[in-house]
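With the hints as extra help, turn the sequences into a complete structure.
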Amino acid sequence: MLFTVIFYTSLFVFLLGLIYKVSTWFSLEIGVASKNFTISERISAAARGILGVIFSPKILILVKVFILDVVLQRRILKEDFLRWIMHMLIFTGFMMLLLMHAFDSFITTPLFDEYYSTLNPFLFLRNFFGIMVLAGLMIAVYRRFILKVPRLRTSPMDYYAIIILTVIMISGILLEGIKITSYTEFRNMVKNYSALDEEEEILALEKLWVKDFGLVSPNVKDPIDPTIIPLSKELHNMHCADCHSSTEWAIIGYPAARLLKPIALRLDRLGCVNAFWYIHFLACFIGLAYLPFSKMFHVIASPVSLLANAVMDKDKSFPANIATRQAMELDACTHCGTCSLTCSVAVAFDKTGNLNILPSEKLVFLKTYASGKDLKKNELKAIQEGIYLCTNCDRCTVVCPVGINLRELWFNVREDLIQKGNPIPLVLSPFSFYRGLNQQKLESDNYSNPISIIKDAIADKCELMKNPDEVISLTPINKKFKEKVDLSYQATTYSCCFSCQNCSTVCPVVGNYENPQEALGLLPHQIMRSVGLGLKDLAFGSKMLWDCVTCYQCQEHCPQGVKVTDILYELKNLAIKESFNNE
Amino acid sequence: MNKMIKYALFLGCNIPARVQQYETSARSVLGRLDVDIKDIKEFNCCGYPLRNSDFKTFVLFSARNLALAEKLGLNIITLCKCCYGSLKMAKHHMKKNSFLKDEVNETLAKEELEYNGNLEIKHFLSALYSDIGINTLKEKITSNFKNLKIAVHHGCHALRPSNIMQFDDPIAPVIFDQLVELTGAKSIDWSLKLECCGAPVLGINDDLSMNLTKRKLIDGKQAGADYLCTACPWCHLQFDSVQKMMLEQRRLNNHLPAILFPQLLGLAMGIDKQTLGINMNQINIGELKIEN
Chain X
218 MLFTVIFYTS LFVFLLGLIY KVSTWFSLEI GVASKNFTIS ERISAAARGI LGVIFSPKIL
278 ILVKVFILDV VLQRRILKED FLRWIMHMLI FTGFMMLLLM HAFDSFITTP LFDEYYSTLN
338 PFLFLRNFFG IMVLAGLMIA VYRRFILKVP RLRTSPMDYY AIIILTVIMI SGILLEGIKI
398 TSYTEFRNMV KNYSALDEEE EILALEKLWV KDFGLVSPNV KDPIDPTIIP LSKELHNMHC
458 ADCHSSTEWA IIGYPAARLL KPIALRLDRL GCVNAFWYIH FLACFIGLAY LPFSKMFHVI
518 ASPVSLLANA VMDKDKSFPA NIATRQAMEL DACTHCGTCS LTCSVAVAFD KTGNLNILPS
578 EKLVFLKTYA SGKDLKKNEL KAIQEGIYLC TNCDRCTVVC PVGINLRELW FNVREDLIQK
638 GNPIPLVLSP FSFYRGLNQQ KLESDNYSNP ISIIKDAIAD KCELMKNPDE VISLTPINKK
698 FKEKVDLSYQ ATTYSCCFSC QNCSTVCPVV GNYENPQEAL GLLPHQIMRS VGLGLKDLAF
758 GSKMLWDCVT CYQCQEHCPQ GVKVTDILYE LKNLAIKESF NNE
Chain F
8 MNKMIKYALF LGCNIPARVQ QYETSARSVL GRLDVDIKDI KEFNCCGYPL RNSDFKTFVL
68 FSARNLALAE KLGLNIITLC KCCYGSLKMA KHHMKKNSFL KDEVNETLAK EELEYNGNLE
128 IKHFLSALYS DIGINTLKEK ITSNFKNLKI AVHHGCHALR PSNIMQFDDP IAPVIFDQLV
188 ELTGAKSIDW SLKLECCGAP VLGINDDLSM NLTKRKLIDG KQAGADYLCT ACPWCHLQFD
248 SVQKMMLEQR RLNNHLPAIL FPQLLGLAMG IDKQTLGINM NQINIGELKI EN
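Those sequence lines, one after another, are chains X and F.
Read left to right, the first sequence gives residues 218 to 800 (the working numbering).
Read left to right, the second sequence gives residues 8 to 299 (the working numbering).
Worth flagging that the hints you see were computed from the coordinates, not collected in a lab.
From the three backbone atoms N, C-alpha and C, an ideal C-beta is built for every residue, glycine too.
Among the hints, a few may not be true.
25 Å max Cα-Cα, derived SDA-like pairs, lysine to any residue [to be verified]:
1. X/Lys794 to X/Leu681
2. X/Lys533 to F/Gln289
3. X/Lys568 to F/Glu119
Residues from chain X that keep clear of chain F, each with C-beta distances beyond 10 Å, as calculated [said to hold, decoys possible]:
4. Trp301
5. Thr335
6. Phe648
Residues of chain F clear of chain X, computed beta-carbon distances all greater than 10 Å [claimed, not checked]:
7. Glu30
8. Asp109
9. Val181
10. Asp196
11. Gly231
12. Leu244
13. Asn260
14. Gly293
Listed below in structure tokens is the structure:
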């Protein structure tokens, strides 16, 4: 009764969770791309999309992807053999246990007339699948905690997944082991399933079970008189053998029974069979009820992601479906870290410690962010750096084992995150190239906002630039500032500048404007002199600094050997550092 | 050639994502020349986009790549001029500043990597010109372009600063022109030949970026070029995708299609258009007249 109540409760929670999670796929707004659709538009677009695929040749693609990527997990195999083995062991083992063992009354019994969980091949297979899962779990623990796969971060969700599976497996094995040894179980079986009622006969049977089946009985002491065995065997064949294969076929339950033998009687008296039974079932039910809210939800979302991405196309699919897919993809992520391992800029995390640089961790962030969490100032800064410090090399998208289209996800979320009105220094770097290249896909009204905000923010800190008429006092020179221009060994060459203006003459940026000073502020030669004079505001405040194309014409043509371009680079570094890093 | 030339191919970030035809064409050309190419999966970004904001992280990025190739005893060949420039620049700085090198190695040590500077960095063009050699190339060329005028676009970061890059003469470079002329095409003189393509400020100052591109395109066209020839993904994207955008936005009236150098060379070697990814260029480059 209790069992049934708990089972249906957890099933109910699971189903509610499932409905809730799937509903978030249609309601969560991710980035800028999802803002234009209502929930009902998204649901109807999804229905049309799914039906459109099912009744088209694309269904063949789905079948292919289902076999190769969902069942055989080809994408994991491509990246890492050990991980593939690990995942296949857990996945196949657990699925088989679920179908054959947990759902035996729905699946195995109707399929096989001869099914008894204590009969071979079922007895053996259950143990075999159990060993598969255990071996997979051991590899998982090995990878995370001993091998320490680079950039594989372990979050509470990863601990939970490993722990719940381990508890289910270990309790199951111990339950089987203890049942094998249990005298109470033996007596109950004899009472309920055999016609034996004479104590002598029962004892004879008991002796065989102690000898061959791992039973631990208070009545039977070694050594067993061999003359009684023929009778025992006869009784066994008559009353037990139809439903019981040799317990030795329980290739992991039986060793567990042998291990428990010294304390088996005590455990039996304490009612441990029941206790482990409850632990095993409760763990399974907790796992079931919590599944939609845990990492394990990927068993549902990841195949959906793989299938959806196989047939969807950014340019051809309904935009509403892209929004839905991106919400779903957050659930599909298993936090496996493959993206971070292959990420082109992950080295920056080693240097800066900003976790948001790693794609796998950006996804963790997005999960909470999408659910409407407000960001603190420093959190916003960190995620903005993380999302912008990306070369859009697509490697994460190519390797993702569950086929998440991270490229589109980043592009979409990036735009949302950089339009928050605060200055983002990285916008003034070639990381912006990709955004410029794709500007036609962005809303043109606020496209240039992030660029002007950061340029203004830097200029705003340069008082002298704001008052062009102010008389500059040349003493005392800002020596501190001059000393800072030393990132590269050659930076101090600015002191050799004699303002011949060669640099500004050959500069293609200067040459682009009719009135360059109006457009750019100070020109390269003037910036060199400003550094020489310790005039920080003038050196930092010129638009020239950010419009420099780094073509090195100036440096190449300087008769004095001033490393003009390199110094401009250093000034950019310094301006960003001084303006923002102390905030 | 007695000894097989072997390089670690450094693709960078743009090529695998946006200019795949550069990779396929370069690989097929190098394959025809019996060059042995090793791919190092662990390569990361060269660090170029970080130079504006964080010099030391930029050096670390480059150094990690160099250390990876060094570990295998390989020299690096790059297809991108900005990757070439960055790797060379980082190598130079670490040579001049041992503190910087030590600091970098301290971080690299976490991955059991070490940078010592015992490797060479080649750009695709310089590898063809100096390692493989004009004569070997000549043997592999099966057809000649007739009456084809090419404006070679150099790409700044390979050429300058010349004391560090050591790529070619910074004032009167010849390597690219000679390589192009191997195919029978004529490398024309044009005044903005050595100027920037505009890509470094795209997304930062689009008007400036596109103006620089426009000036070069008009200048090349006026000098009589049929095609602009590139050997860098940034420059190529600028003259291909961005030019297309400029045409759509009516910032530009006449177009001058861009062709990647290995595409041009590959056609002259008789490699099929499919492999060279001719159709992947955004601006259709049409039929090039080839005579056997």
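Hint-by-hint comparison with the structure:
no. : hint                 : verdict
1   : X/Lys794 to X/Leu681 : holds (19 Å)
2   : X/Lys533 to F/Gln289 : holds (19 Å)
3   : X/Lys568 to F/Glu119 : holds (16 Å)
4   : Trp301               : holds (17 Å)
5   : Thr335               : holds (50 Å)
6   : Phe648               : violated (5 Å)
7   : Glu30                : holds (12 Å)
8   : Asp109               : holds (14 Å)
9   : Val181               : holds (17 Å)
10  : Asp196               : holds (18 Å)
11  : Gly231               : holds (22 Å)
12  : Leu244               : violated (6 Å)
13  : Asn260               : holds (19 Å)
14  : Gly293               : holds (24 Å)
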